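Just so you know, the sequences run in chain order A and B. Under our numbering, think of the first position of the first sequence as 1, with each following residue one higher. Under our numbering, think of the first position of the second sequence as 1, with each following residue one higher.
Accuracy of the hints is not assured; some may be wrong.
[To be verified] Beta-carbon label-pair distances, calculated as ranges:
hint, chain 1, residue 1, chain 2, residue 2, range
1, B, 38, A, 40, 18 to 28 Å
2, A, 69, B, 16, 40 to 50 Å
3, B, 57, A, 80, 42 to 52 Å
4, A, 69, B, 112, 44 to 54 Å
5, B, 7, A, 13, 32 to 42 Å
6, A, 86, B, 60, 31 to 41 Å
7, B, 53, A, 7, 35 to 45 Å
8, B, 50, A, 44, 21 to 31 Å
9, B, 3, A, 62, 22 to 32 Å
10, B, 112, A, 51, 48 to 58 Å
11, A, 73, B, 13, 36 to 46 Å
12, A, 44, B, 38, 14 to 24 Å
It should be emphasised that the hints constitute simulated quantities derived from the structure, not laboratory data. These numbers come from a predicted model, not from an experiment. Every residue gets a Cβ at the ideal spot worked out from N, C-alpha and C, and that includes glycine.
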Amino acid sequence: KAGVTQTPRYLIKTRGQQVTLSCSPISGHRSVSWYQQTPGQGLQFLFEYFSETQRNKGNFPGRFSGRQFSNSRSEMNVSTLELGDSALYLCASSLGQPSEAFFGQGTRLTVV
Amino acid sequence: GEDVEQSLFLSVREGDSSVINCTYTDSSSTYLYWYKQEPGAGLQLLTYIFSNMDMKQDQRLTVLLNKKDKHLSLRIADTQTGDSAIYFCAESITGGSYIPTFGRGTSLIVHP
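With the sequences and hints as input, model every part of the structure.
As structure tokens, this is what we get:
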């Protein structure tokens with residue numbers, strides 16, 4: 001069974017630009033969550049999508065948004081990038097109930 | 001304060017046992033997880049325990065749960081240099097979003 005796939009693996013953007021990251025969950029998993037990981041803040045929860053609906057949301061500004069498609073693939077978008085958005089963005093998929101979440105390798109975003 | 005707390009660093013000698021500790025605050029936790037993150041990679045689920053269990057063993061890994069003290073530990077027997085990584089403790093909560101809440105991670109350094 002294929003794991004969680006995130007693309008691209010690395011990205012360099014300029015302040016003010018926007019970026020879209022993609023996550024393909026494990027087949028059969030309907031829940032996709034996104035996390036931001038930075039050395040200073042650790043792992044912070046961004047949002048979770050389940051069956052194309054945002055089910056949970058963390059404490060991030062509206063510049064961070066996401067969506068989920070009918071095949072459970074998810075994208076997250078960050079608009080008007082700031083230097084502080086530089087981070088490893090991790091996606092996790094699960095069955096959507098209390099169970100283990102499986103993570104992708106992450107997308108390393110650098111904002112210059 | 002944080003919901004899940006871990007010490008930041010642990011240094012052990014190769015061949016010794018490592019014990020990584022974690023405390024959590026929510027008594028309605030359902031699942032408690034241990035994840036491993038190697039440099040430049042995503043999070044790998046190592047093991048998890050249901051909150052109605054006291055112990056779980058999986059090869060070199062032993063998880064102990066003390067619900068009264070809200071304390072979780074991960075013991076790695078015969079620690080190897082390949083075990084050097086960051087270890088994250090996480091909990092997910094009954095009746096909540098089931099989104100795991102992560103600790104800041106413990107950097108395990110294994111030296112020869």
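For the hint 40 to 50 Å, verify it against the beta carbon of residue 69 of chain A and that of residue 16 of chain B. Distance hint for residue 69 of chain A, residue 16 of chain B holds at roughly 48 Å.
State, for the Cβ atoms of residue 3 of chain B and residue 62 of chain A, whether the hinted interval 22 to 32 Å holds or is violated. For residue 3 of chain B and residue 62 of chain A the Cβ distance comes to about 25 Å; the hint holds.
Consistency of beta-carbon spacing, residue 13 of chain B to residue 73 of chain A, with hint 36 to 46 Å: About 45 Å separates the Cβ atoms of residue 73 of chain A and residue 13 of chain B, which means 36 to 46 Å holds.
Check the following: the C-beta atoms of residue 86 of chain A and residue 60 of chain B are separated by a distance inside 31 to 41 Å. holds (36 Å)
If I claimed the Cβ atoms of residue 69 of chain A and residue 112 of chain B lie 44 to 54 Å apart, would that claim hold in this structure? holds (49 Å)
Does the beta carbon distance between residue 38 of chain B and residue 40 of chain A stay inside 18 to 28 Å, or does it fall outside? holds (20 Å)
Just to be sure I understand the hint, the distance between the Cβ atoms of residue 7 of chain B and residue 13 of chain A should be within 32 to 42 Å; is that true here? holds (35 Å)
Can the suggested window of 35 to 45 Å be confirmed for the beta-carbon pair residue 53 of chain B and residue 7 of chain A? holds (37 Å)
Mind checking the hinted window 21 to 31 Å against the Cβ distance between residue 50 of chain B and residue 44 of chain A? With a Cβ separation near 26 Å, residue 50 of chain B and residue 44 of chain A satisfy 21 to 31 Å, so the hint holds.
Is it true that residue 57 of chain B and residue 80 of chain A lie within 42 to 52 Å of each other by Cβ? The hint (42 to 52 Å, Cβ to Cβ) holds, given that residue 57 of chain B and residue 80 of chain A are roughly 49 Å apart.
Given a hinted range of 48 to 58 Å, is it respected by the beta-carbon distance of residue 112 of chain B and residue 51 of chain A? Holds, since residue 112 of chain B and residue 51 of chain A (Cβ atoms, about 50 Å apart) stay within the stated range.
Holds or violated: the 14 to 24 Å window for the beta-carbon distance between residue 44 of chain A and residue 38 of chain B? holds (20 Å)
When held up to the earlier numbered hints, the structure conflicts with none and fits them all.
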